[in-house]
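Let chain U serve as the given structure and place chain Y on it in line with the hints.
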Amino acid sequence: MELKRTVKFEADRDPEFARWVSHTVGGERIRHCLQCGLCSGKCPLSLYMDYTPRRLMHLSREGFKEEVLGSSSIWLCTACYACMVNCPKNINVTHLLYALKQRAIEEKRYPRRFAIPVMARQFSDMVRGSGRITESWLVVRVFLRTSFWRLLGMSRLGAKLFLSGRMPLKREKIHRQPEMEKLLDSVAATRKELAL
Amino acid sequence: MRYAYYPGCSLRGTGRSYEESLLAVFRALDVEIDEIDDWNCCGATTYMSVDELTSYALASRNMALAERGHSEIIAPCAACYLVLNKTQHYIREYPSIKIVVTRALETIGLEYHDRIRVRHPLDVLLNDVKPENIAAKVKVPLNGLKFAPYYGCQIVRPYSTFDDQRDPTSMERLLEACGAKAVHYPLKTLCCGGSQKGTLPEVGLDLVHYLLKEAQKNGAEVVATVCPLCQFNLESFQKEAGERHDETSLPVLYFTQLMALALGAPAHTIGLQRGFVPIEPLLTTKEIAYA
Numbered sequence: 001m002e003l004k005r006t007v008k009f010e011a012d013r014d015p016e017f018a019r020w021v022s023h024t025v026g027g028e029r030i031r032h033c034l035q036c037g038l039c040s041g042k043c044p045l046s047l048y049m050d051y052t053p054r055r056l057m058h059l060s061r062e063g064f065k066e067e068v069l070g071s072s073s074i075w076l077c078t079a080c081y082a083c084m085v086n087c088p089k090n091i092n093v094t095h096l097l098y099a100l101k102q103r104a105i106e107e108k109r110y111p112r113r114f115a116i117p118v119m120a121r122q123f124s125d126m127v128r129g130s131g132r133i134t135e136s137w138l139v140v141r142v143f144l145r146t147s148f149w150r151l152l153g154m155s156r157l158g159a160k161l162f163l164s165g166r167m168p169l170k171r172e173k174i175h176r177q178p179e180m181e182k183l184l185d186s187v188a189a190t191r192k193e194l195a196l
Numbered sequence: 197m198r199y200a201y202y203p204g205c206s207l208r209g210t211g212r213s214y215e216e217s218l219l220a221v222f223r224a225l226d227v228e229i230d231e232i233d234d235w236n237c238c239g240a241t242t243y244m245s246v247d248e249l250t251s252y253a254l255a256s257r258n259m260a261l262a263e264r265g266h267s268e269i270i271a272p273c274a275a276c277y278l279v280l281n282k283t284q285h286y287i288r289e290y291p292s293i294k295i296v297v298t299r300a301l302e303t304i305g306l307e308y309h310d311r312i313r314v315r316h317p318l319d320v321l322l323n324d325v326k327p328e329n330i331a332a333k334v335k336v337p338l339n340g341l342k343f344a345p346y347y348g349c350q351i352v353r354p355y356s357t358f359d360d361q362r363d364p365t366s367m368e369r370l371l372e373a374c375g376a377k378a379v380h381y382p383l384k385t386l387c388c389g390g391s392q393k394g395t396l397p398e399v400g401l402d403l404v405h406y407l408l409k410e411a412q413k414n415g416a417e418v419v420a421t422v423c424p425l426c427q428f429n430l431e432s433f434q435k436e437a438g439e440r441h442d443e444t445s446l447p448v449l450y451f452t453q454l455m456a457l458a459l460g461a462p463a464h465t466i467g468l469q470r471g472f473v474p475i476e477p478l479l480t481t482k483e484i485a486y487a
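Line by line, the protein sequences are chains U and Y. Per my numbering, the very first residue in the first sequence carries number 1; after that it's consecutive. Per my numbering, the very first residue in the second sequence carries number 197; after that it's consecutive.
Calculated directly from the structure, the hints in this document are not laboratory data. Wrong hints could be hidden among the right ones.
[Unchecked claim] Pairwise CB distance ranges (calculated):
| hint | chain 1 | residue 1 | chain 2 | residue 2 | range |
| --- | --- | --- | --- | --- | --- |
| 1 | U | 72 | Y | 472 | 27 to 37 angstroms |
| 2 | U | 145 | Y | 440 | 23 to 33 angstroms |
| 3 | U | 50 | Y | 440 | 49 to 59 angstroms |
| 4 | U | 20 | Y | 440 | 32 to 42 angstroms |
| 5 | U | 192 | Y | 380 | 49 to 59 angstroms |
| 6 | Y | 335 | U | 168 | 40 to 50 angstroms |
| 7 | U | 13 | Y | 440 | 37 to 47 angstroms |
| 8 | Y | 307 | U | 106 | 25 to 35 angstroms |
| 9 | U | 111 | Y | 311 | 44 to 54 angstroms |
| 10 | Y | 290 | U | 177 | 42 to 52 angstroms |
| 11 | Y | 439 | U | 175 | 23 to 33 angstroms |
[What the hints assert, rightly or not] Think about it this way: if two alpha-carbon atoms lie no more than 25 angstroms apart in a straight line, the pair counts; the simulated SDA-like pairs of lysine to any residue are:
| hint | chain 1 | residue 1 | chain 2 | residue 2 |
| --- | --- | --- | --- | --- |
| 12 | U | 182 | Y | 441 |
| 13 | U | 182 | Y | 306 |
| 14 | U | 182 | Y | 299 |
| 15 | U | 182 | Y | 302 |
| 16 | U | 42 | Y | 441 |
| 17 | U | 160 | Y | 435 |
| 18 | U | 89 | Y | 291 |
| 19 | U | 173 | Y | 299 |
| 20 | Y | 294 | Y | 329 |
| 21 | U | 182 | Y | 264 |
In this text, a Cβ means the ideal position worked out from N, Cα and C, and glycines have one as well.
Extracted from the complex, chain U is given alone in its bound form:
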């Protein structure tokens, strides 16, 4: 029989992470959280989560970094803002979830070939290169890098969309594409300069 401690000790905390959480965009008011649970109750996906939004709020403000960044919740969040508009303390729960997702991507804490970060990457590459998204090519690029079999499984839907004229293959592009590169490079430079 393998015995495991089920209660967290204060020593398991990462105070730096707790500090980061309360200073990041969205996390400013996290100390006001009452743990009322409205966020979890309103969340359409909390029933699939290992840590519901309420628990995630508590774990992150106390600095339980491993639990938070390893949680399925940050990937399940669809950003529907139900938690945020219902929070009695006006905590930006959704924005904080975004911040946690970004941090998890930065620290590469996700399974191999996991679709969400791949999608994010392909999306931003396409914006840089064309200025607009062509949905058909985005989907193909994501599935090629995650699950080729699912791409085949999706081919019937793809064909139906194509035949109904809803999946044009022509790539959408803006005329002044160099402006995209300038814009994105400038953001990167300012971010570095101001250490944002």
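Relative to chain U, chain Y alone:
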């Protein structure tokens, strides 16, 4: 007044019938628009989650372009509408974000003055055009066609000011002016799962099923949507969700398709033929003599 129009990427792809029908509605009601010159992707939910700072810069390029000559911008796509609004709020609230955006726009010779108001077609049709004027122009009344008003998440939350965040009613008021009848639909602002169907399929299918099942249970003959992703999910995965749970068969249309129909636009010009669950038999049963 002429509005700046920001279609967004989806309306040129899977959401094509949204744009076709929206433009038909605007034409019928004399809403004058100018498409923003050389608009770019707003960054959507996907970009927001990897690199928020960049997404503010992307969104503000569109607003800066629209500000040249317009004071209001119409964004029909839910994600675009949210991102533009969020960008405005964050530029006001966080000085660091304002610096990033201002510098980025400078490099491409643009300036953002925070003088543009972001509006949704629901808002414009309800508050500028007004339901009574729409009712006066209806050519093909919708004969009590029962619809489930499905708003999804990002139109009414978190920034919209034109409707209630928990129980919005603007779509009901617009479509009832066209002769349709709303059914009770308490799930109207529940999330459809967004892009989860692509990334975590099982979860997406469950949500699609709850939404359709509830609409059917409450007597809806059609689901009316306002978001390209909601419409896509509910329609394209209806069969798959039915195989996993139990079957539903509901046409899923954009609210603008129903409005355009009532205002006399020919069916093939507003993308009715693009639907996967055909609507024509229903229109015949309801004796709606569409063009």
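Quiz prompt | Numbers of unmet hints, in rising order | solution = Structure breaks hints 3, 6, 10, 11, 12 and 20.
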